[in-house]
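Colleague: Listed below are the residues making up each chain.
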Amino acid sequence: MRDEKKTNRLFIGASVVAVWPDKFLSNEIIKEENRHFTILFFGGQDQDAKNILMNFPKPESILSPTGVFSNYVGLPKRSPHLVAMEGKIITGMNIEDYRNNISRWSEMQKIDFKKPKRPFYPHLTICRKHPDIFKWESSKIKIPFYIDGINLYQSLGKSEYERLKTYPLVPAFEQIHHTADIAFLIRGESLQSIFINAQIALAFTYPDILDFLKTDVEISSQDQIVMKLNKVISNIDIEVGCPFKAVSFHGSFTQQLGYTQWEMIVDV
Amino acid sequence: MYDLKEIGPALFELPKSGNMRVPGLIVATEKLIKDIDFAKPLEQVRNVAHLPGIVNYSIAMPDIHWGYGFPIGGVAAMDLENGVISPGGVGYDINCGVRLALAPIALKDLDERTQGQLIYKIFDLVPSGVGRGQKNSHCLNESDYEKIAKNGVKWAVEQGYGLQEDIEHIESNGFIEGADMRFISQLAKKRGEKQLGTIGSGNHFLEIGEVEEVFDKAIASKWGVEKGQLYLFIHTGSRGFGHQVCQDYLDQYIVKGFVENLPDKQLVSAPIQSKEGKAYFSAMAGAANFAFNNRQMVLHAVRKAFNEVCNIEPHLIKLVYDVCHNIAKVEEHQVNGNLKKLCVHRKGATRAFGPESAELAKDFQATGQPVLVPGDMLRASYILAGLGNPITFGSCCHGAGRSKSRHQSTNAWKGTNVVDHMQKKGVRVLATSKRTVTEEMYDAYKDVSDVVEAVEKANLAKNIAKLKPHLVIKG
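Protein chains in written order, with the working numbering: chain W, 1 to 268; chain F, 1 to 475.
Bear in mind the hints are in silico, worked out from the structure with no lab data behind them.
Bear in mind the structure is a predicted one, so any value in this text is a computation, not a measurement.
C-beta atoms are modelled at their ideal positions from N, C-alpha and C, and glycine is treated no differently.
Treat the hints with care, as some may be off.
[Claimed, not checked] Residues on chain W that point at chain F, a partial pick, calculated with CB under 10 Å:
(1) HIS177
(2) LYS231
(3) ILE233
(4) ASN235
(5) ALA246
(6) VAL247
(7) PHE249
(8) LEU257
(9) GLN261
[As the list claims (entries may be wrong)] Simulated crosslink set (DSSO-like; lysine-lysine; CA at most 30 Å straight-line):
(10) F:LYS40 <-> W:LYS228
(11) F:LYS108 <-> F:LYS147
(12) F:LYS424 <-> W:LYS23
(13) F:LYS108 <-> F:LYS227
(14) F:LYS256 <-> W:LYS214
(15) W:LYS231 <-> F:LYS147
(16) F:LYS190 <-> W:LYS231
(17) F:LYS256 <-> F:LYS40
(18) W:LYS228 <-> F:LYS275
(19) W:LYS228 <-> F:LYS256
(20) F:LYS40 <-> W:LYS142
(21) F:LYS434 <-> W:LYS23
(22) F:LYS434 <-> W:LYS31
(23) W:LYS31 <-> F:LYS414
(24) F:LYS16 <-> F:LYS5
(25) W:LYS142 <-> F:LYS190
(26) W:LYS231 <-> F:LYS278
(27) F:LYS108 <-> F:LYS425
(28) W:LYS231 <-> F:LYS434
[Said to hold, decoys possible] Far from chain F, some chain W residues (derived; all Cβ distances over 12 Å):
(29) ASN8
(30) ASP48
(31) ASN71
(32) LEU82
(33) LYS110
(34) TYR121
(35) ASP148
(36) SER155
(37) SER159
(38) ARG163
(39) PRO168
(40) ILE219
Can you build the whole structure from these sequences, using the hints too?
Modeller: Set out below in structure tokens:
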């Protein structure tokens, strides 16, 4: 029988990078470095379990999933007291499968925890307490994000968390130096995910793009990525204006371990 | 350094290598070569030299920096019979260009308050920034587009935007022959339908300042330029309309496989005399004529602002000149002692025809054409006079050229209120996006004085006057 002092509140979560709003409806907001999606909650655990969990399974993919937050929601739904941002993961690993994998592994390790009954729900708690949840729920948001790591967290109380172990993920995109215009390294496991991640990368600069996000597009060649991105840009320019004028045919596609990388150069 | 051979004052040859059809020619001083990372732009100079039909040199101006296919600050003349035309050699913003006008007052004659009122009035009348089109005016229809294609800038003048006398003070009289809207997509027309008379975003701007120094009094006086005088610069192009034209033809050429044997996809091109080449030329000319009208309508709105705020009659705001710096034009030049028709691509480069050029209006026959070289929003801009130097097919630089990326500039100015900073330096900046101001801060550009020094040394143009910005509108 293990130590009875189950004082370590542990969980596996995904740390999130996003274009956070400058202002929220409350000043009591969870700090940026503490914002996360909870993947699997273990609750109070003793030191032995903590040591075991330090070796939780790595994700199969090393590439960061990307997605969009589109609204605030009061939780729990029956009597809400906290505010969360509801997200949709669009590219990258299947987190549901990954959670099941960690869950099975944890059972095998004889970790005492309650298996989740509901499917993975990508939400990120942003405010622990607010008197007017409805006000949050009625304000619309469109915030692109990516997951930059999978972590074993320990709750320290008051919405502070310590990352005990991290599996960093390769960002789905990063802005790079380019003298004339702007440029990004875009990464994806398929041509389609490169196409979507390119749009998410642009949305980090200009979130209005998310209103025109195309995800259900068949892409059969690298050139088609450029052509279809330009179609998206043209449509945005007609509707609301777009700071990006065109994506060029420049930039090589290189095969990396587990993903393809493209240098995307954008005329502004 | 960079394997360059000096062949004259501020002129360096980049020798032929691999499948280059001609050598490169770099206009630069040793200082510029030392100060700037030329490696990538020079690679593009080499790439351009691979294009079929290129004549004499693949040329780089001293404001060269990395572009799409062609470097920005690149010039390439193609044999009209067996050469190619490349949308990448013109650029996305077809007929992006600069227009210079002068007011009949000195800047110091306007007190601070009036200067403020003036710039706010212009900001109100001339939409700038992302998504700011002409909300109240009618959308361009097919008939408008047809007339723009057929008449160039005359269309705007006939609509009451500006003066008849403006036309002679615009490169090619504001009209590129051969435009045909049938070769332009509906998507392009849709993008452009509310964009005439707008500045846009990126590096486009509207600038007011004073003539700080006059170097050639005789020519300056012929052009009406005096020390202390208030000037205004308008920098914009064909907006989303031109971008879409470029994009449509790049897509089409790539799908058709025209990229074969080229070192860079973005250089994709078609023989000038082919069906596809002619179609692009017609579409490009249409976009160029759209851009002339755009700058004309912006000037009209500026004249209105001067009238309302300073009580200056519109006709007293004189257009000095309007130049294209992203264009392909059919011109005659001497090649090995013979007069030849060439398709001259100038991408981030300005035509700089000299005195007695048949192409120039009578006001410029004795002086050569004005070459407008905006710098950055703090230090300086220049007015030069073209010398028609055949080595560059009568071409010159178009600006300072970027030295820092937007990303670097944004990082460098993080945490600084850039508008306040500029105000302390004596420049009032208005913009719809602070981000644009940060990306476009003065130190993201080379010092334009160094660039002008190079083109003077290389005998491409003569320095006429130095300008100092005071009021700037950015997108």
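Colleague: Are the hints correct? Go through all of them and say.
Modeller: Hints, one by one, checked against the model:
| no. | hint | result |
| --- | --- | --- |
| 1 | HIS177 | 5 Å, holds |
| 2 | LYS231 | 8 Å, holds |
| 3 | ILE233 | 9 Å, holds |
| 4 | ASN235 | 9 Å, holds |
| 5 | ALA246 | 5 Å, holds |
| 6 | VAL247 | 9 Å, holds |
| 7 | PHE249 | 4 Å, holds |
| 8 | LEU257 | 26 Å, violated |
| 9 | GLN261 | 17 Å, violated |
| 10 | F:LYS40 <-> W:LYS228 | 27 Å, holds |
| 11 | F:LYS108 <-> F:LYS147 | 41 Å, violated |
| 12 | F:LYS424 <-> W:LYS23 | 29 Å, holds |
| 13 | F:LYS108 <-> F:LYS227 | 11 Å, holds |
| 14 | F:LYS256 <-> W:LYS214 | 26 Å, holds |
| 15 | W:LYS231 <-> F:LYS147 | 27 Å, holds |
| 16 | F:LYS190 <-> W:LYS231 | 13 Å, holds |
| 17 | F:LYS256 <-> F:LYS40 | 28 Å, holds |
| 18 | W:LYS228 <-> F:LYS275 | 25 Å, holds |
| 19 | W:LYS228 <-> F:LYS256 | 17 Å, holds |
| 20 | F:LYS40 <-> W:LYS142 | 37 Å, violated |
| 21 | F:LYS434 <-> W:LYS23 | 18 Å, holds |
| 22 | F:LYS434 <-> W:LYS31 | 26 Å, holds |
| 23 | W:LYS31 <-> F:LYS414 | 21 Å, holds |
| 24 | F:LYS16 <-> F:LYS5 | 11 Å, holds |
| 25 | W:LYS142 <-> F:LYS190 | 26 Å, holds |
| 26 | W:LYS231 <-> F:LYS278 | 24 Å, holds |
| 27 | F:LYS108 <-> F:LYS425 | 16 Å, holds |
| 28 | W:LYS231 <-> F:LYS434 | 27 Å, holds |
| 29 | ASN8 | 39 Å, holds |
| 30 | ASP48 | 46 Å, holds |
| 31 | ASN71 | 24 Å, holds |
| 32 | LEU82 | 32 Å, holds |
| 33 | LYS110 | 50 Å, holds |
| 34 | TYR121 | 34 Å, holds |
| 35 | ASP148 | 19 Å, holds |
| 36 | SER155 | 33 Å, holds |
| 37 | SER159 | 27 Å, holds |
| 38 | ARG163 | 26 Å, holds |
| 39 | PRO168 | 22 Å, holds |
| 40 | ILE219 | 14 Å, holds |
Violated hints, in rising order: 8, 9, 11 and 20; the structure is consistent with all others.
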